[in-house]
Structure formats: structure tokens, C-alpha cells
Amino acid sequence: MRNVMIKTIFSLIAKSIYKDVYMLVWSILLPMGLFIGLSMYHESDSYRESLLVGCILVSLAMGAINTSGFWTMTQRRRGVFKLLKLSSLSISQFILCSILARLLIFAVISASLLLTGNLLFGLTFRATALLILYGLIVIGSICFTSIGYILAGRARDEGMMNMMSTLVAFPMIFISSAFYSLDQAPQWIQFVSKLNPFEHAARIGREAIAGAMDTQSAIVLTMLAFVSAIVAVKTFRYD
Amino acid sequence: MKTLIQIKEAELSLGGKKVLDRLNLDIREGEILAIIGPNGAGKSTLIDVMLGLKKLDRGTILRWTDNVQGKIGVQFQTPTFFPGLGAYDNVKLFAAANGKSVSKGEIEEVLRQCRLLDAAHTDAYRLSGGQQKRLAIAIALVHQPKLLILDEPTAALDPSARSEVKSMIASLAEARQISVVFTSHDMSEVNKLADRIAFVINGRVSQEGTLDELRSAYGTDDLDELYTLMVKKG
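Protein chains in written order, with our numbering: chain A, 22 to 260; chain B, 5 to 238.
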């Protein structure tokens, strides 16, 4: 009975998120355009592979932080969470359903990006690489969606949410080695990048292309995901 | 008649302003109670207190059950739905959130009762104002609550939509045998629906009784005059 209830809520939240215009822009159009646009000007397969992984991570982070933040903010303002508070559904169950729904959508978007890479530029990945990439999408979804919830808990309105998500998401992407090396970056940037979940996701993704696992980054990202999820549940606001 | 909710000497301040001031009120099983009063009188805050969404500074609130989650149906002033979902899916989602697995037939029956079957798959936010109010009531009813709370169910509706919602509430309360509490400014709505009236002003219940009792106490049959006299008395 409980499982049926969770399954129904999960599938309907996924349906609701799927129609979200923010998701279309941040998670599909932006990364797809970035990948196709840059790949047309770089003929190196290794660059295109790294770019593809970087674009999958941008899709994941921007979608999870911006989209889930805005979605949460809007639902709260409309009073949806007040209704949920009066229901039998707990906050952790609701957040779990939302994360799983987003995870499903990110998995489909990532598959579309991988397929685009294959059809347009002939990129292929080994089974081990795909397995690691999908593991990364699971942990990354939990981590970045939780960060979106935390920000939505602090924001008073959509304008503030926009500012906060931009101030968090863009530096996370720029202070990482997803699109360029940080070897020549100042010491403090290298230090900050060690605390940056996006940098650890980028490292895991880069190693995954070679069919290897960056265990250290995987442990750090899993810990950050766990902590973010707990903070998201603790700081969740109904109104 | 069994008491479902008993509020005694309730006091609550929000932002330094006292919104509930030694308020006393009983909600009884099987009745339709109208909470009326001017804007800012404390009606919506009173509803939040009944629902457990706001805690009292002083006073007590006793409910028939320790855990009201899933046992009260509520429609807030602004209808609230999940975006991107139709009426049918919204009803299904909130039923599941209340721990109730409902069949397609059960959802369609609730939508039929709320006269929404034709709009079952229309996006909830694309429905008309009257349809949105009726959908909010369908969502509040689908898990078969013991108590239905409606915050200004006919506010901002045109006369024909208002009339539809009013007759729907009356027939639902009768058919489902549930207690209903609703807030309103509309005395004709109160006249049509309510068994009992609680007049709230300055954060307390200043008058309470049936419409006939209040009419006789104020010596008038004119509903608007009765409302004005109760406001003046405060």
C-alpha cells in the first residue's frame, strides 16, 4: 500500500516536472546547444568526449539546482506544501519522490546527449564508462537537487531564488575542471575546488571516459550528497 | 452532538499584532459551521490553528484525534494544485499523499460530484475560477475526511459560479455526512448553507448561534443589516 502510494506520487511528480519550462531551458536546450556548438569547432574526439561529459554535468547541476529551486519556491508560494503538510506524506518521502522523479528525467536527458554525441560525432563509450556515468548521475542528482531545496528554503521570492541559484550554480561550474584545467589556477581556487561537488563530479566523469573510477572523488561526492540531503530535509519550509 | 474540535481561550500574536484574543469555539460532528467576519478579523488564522499549521501562544485546542494528517480536507483561499497536471491527476496525487489508493472510478465519481468530469484532463491552472474552486474541494474530499474546511469557497467568483459552488457544498455535505467549516463574507451563502454561525471580530468570537437566533437577538430579518449590526457591536 505504502509502495503504491510512493509510486503514484513519484510518477505524477515526474509528469509535473517534465512539463516545466525551466527544465527544458536549463537541462535540455542549454547543454545540448553547448555540446553541438562547441563540438562543431573541435574535431578531437577526446575533447568532444570530455565536452559531452561536461555538458551532461551542466544539465544535471543547472537542472537540479535552478529548476528544483524554482519549482519548490513556486509550489510553496501557491500553498501546495501546506496541503502536503496536512497529508500523511512526510517531508523526507516527498523530497525522495521529487529527487527520484528528477533522477529519471536526468537519466533520459543524459541518454539523449550520449545518443546525440554518437549520431552526430560518432562518439562511443565503453559499458564500464556508461555504468560509472549513470552512477554519477544518481549521486549528482541527490546532491544538486538537495542544494536546490536548501536554496529554496532560504529564498523569500522568485527574484531572490534566481540570484541565489545563479550565485551558487555558475561558480560551481567555473571553479571546476569540467571544461578547462585548473592546474594554472591560483591556490585558493584549487582549494575551493576541493570542496566543490561539481569538481568531484567532473573528475569522476573524466575518469569514467577512460573506463576507470576516481574513488576519492566518488567518496567525497557521496558524502556531500548525504549531507546536502539531510540539510534539505531539516531546512524544508512549508510556507 | 460530538465535538470534533474545541478551542479554548486561544491567543496568538503575529508580527507583534494580536490576531486571536481569548477565542472560544466548538466544531461539532455533522454540522455546517460558518465563520464570518470582516477582513483581518482572524478567520484564516483561526483555520491555520485548527489545522495545526500555527501554534497558539496561549489557550488550548482539543481535536477528536491526535493526528489530523489525512483526516481533514481543506480548501485554502487560493486554490493550490501541482502544475502541469490535470484535474484527474491532481486528485489522484493528493489522494495518494493522504495514504489512499483510489481507483479510476472513485476519482471520476469525485470529479462527477464536483461537476468536473468534462474537464478531468485539462491542466488545473487552465480551469476557470469556479472550476478551480470545485477542483480544490474535490482534492479536499477524495480521501474521505471527517471534517472539511473551506476558506472563502466562493470568493472572487461570478454569481453563477458562486451559486454552483454553494449548491455543490450543500449536496456534498448531505451526501457524505461530513462536518463542514467555511469562512465567508456572503450572508446569502451563510443563509443557504450554515447550521450555525460564529461571528469573528478582533480575533475573538463575538456572536454565535443559528441564523434565526442571531436574527431574533438583533431584531432584523435583513441579512446585510444583521451583518452590519454585528460588526458595529464588535
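There's no promise every hint is true.
[To be verified] Short derived list, chain B residues pointing at chain A, Cβ under 7 angstroms:
hint: 1; residue: L55
hint: 2; residue: G74
hint: 3; residue: F86
hint: 4; residue: G88
hint: 5; residue: G90
hint: 6; residue: D93
hint: 7; residue: L97
hint: 8; residue: S105
hint: 9; residue: S107
hint: 10; residue: G109
Source of the hints: derived by calculation from the structure; they are not laboratory data. Backbone N, C-alpha and C define an ideal beta-carbon position, used for all residues, glycine too.
Checking each numbered hint in turn, tell me which of them this model violates, lowest number first. Per hint list: 5, 9, 10 violated.
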